[in-house]
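Let's have the full structure, built from the sequences with the hints guiding it.
The sequence shown stops at residue 262 when you use numbering that gives the first Met the number 0, and every number in between is there.
Take the hints with a grain of salt, since some may be wrong.
[Claimed, not checked] Here are the computed lysine-lysine pairs in the DSS-like style, where the Cα-Cα straight-line distance is at most 30 Å: (1) 209 to 262; (2) 55 to 209; (3) 55 to 260; (4) 209 to 146; (5) 146 to 55; (6) 260 to 209; (7) 262 to 55; (8) 178 to 260; (9) 178 to 55.
By construction, these hints were calculated from the structure, which means they are not laboratory data.
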Amino acid sequence: MTDTRPGGDQPAGVSSDTYSREYFLTECDGHEEFEQGRLPARLQAALSIAGDMAGKRVLDVGCGRGEVVLYCVHQGAEACGVDYSADALQLARQGAGTEPGHYQRADARYLPFRNESFDLALMLDIVEHLYPAELAAALGDVRRVLKPDGLLIVHTMPNLWYYRWGYPLFRGVQRLRGKNLPSDPRARWQFVSTVHVNEQTPLTLRRALKEAGFSARVWLQPTQSYSQERSPLVRSVMRFLASAYPFRWVFCDDIFALASKAK
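What follows is the structure, given as structure tokens:
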């Protein structure tokens, strides 16, 4: 994110222009489900943590295409999404149609809302897009707008431990099967190397939340179906490694957190 405030001292981040319509409709995870009018498994898992949303004020930070805001509205919430990408907000508003969800262009570090005005904040697949200083500022402002008993739900991927240790093992096995994967897992996508500027581990995410004044539970929970793998045996092995202790620490790619204001 780019600091648009006069005299802002935060480092310039990823340009909002990078998050184009093409990005959201061809590469940003969940684009196929978005076209089909449904949520990807990782977002379903994150939103299931929230429980009953009826009557709650919900803020989706980095709302992207807006499908999460729309889901929250359908659950009876008063939901608002913010994003600094003009293309994202255009997609979100088009998708919402006449639904009552609200979308606003804003920098996650400077949320245009009153103190203690939301019951629930969502940061789903935004953490990895913010440089450390940006993330600290964004978490601080999310804490500001949360009510005293408000909750923050986070999902981020990849798990950097998987990229460092699990993926090389997976790549080696695939090579034995005659399948060549790039040495850098990010090379499988066009935009990832540009936009993933702060990939996390469970420990680094917990530390960032604590330093921002949150008390948090952080855990790994696989959401991938591995449907791209033809072999049922390999699919079963991959699911086992991603979910079983201690293997999941280096084979599970999804990090979740549930946080509240530290007392």
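Cross-check of the supplied hints:
For the proposed pair residue 209 and residue 262, the alpha carbon gap of about 12 Å is at most 30 Å, so the pair holds. Note on residue 55 and residue 209: the hinted pairing holds, with a Cα-Cα distance of about 25 Å set against a maximum of 30 Å. Proximity of residue 55 to residue 260 is assessed by CA-CA distance (about 17 Å); at most 30 Å being required, the pair is judged to hold. Taking the CA atoms of residue 209 and residue 146, the gap is near 17 Å; set against the 30 Å cutoff, the hint holds.
With a CA separation close to 11 Å, the supplied pair residue 146 and residue 55 stays within the 30 Å bound. Simply put, residue 260 and residue 209 have alpha-carbon atoms about 9 Å apart, close enough for the 30 Å limit, and the pair holds. For a cut-off of 30 Å, the pair hint linking residue 262 to residue 55 stands: about 22 Å separates their Cα positions. For a cut-off of 30 Å, the pair hint linking residue 178 to residue 260 is broken: about 47 Å separates their Cα positions.
Restraint check for residue 178 and residue 55: not satisfied, since their Cα atoms lie roughly 48 Å apart, outside the 30 Å limit.
Going through the hint list in order, the structure does not satisfy hints 8 and 9.
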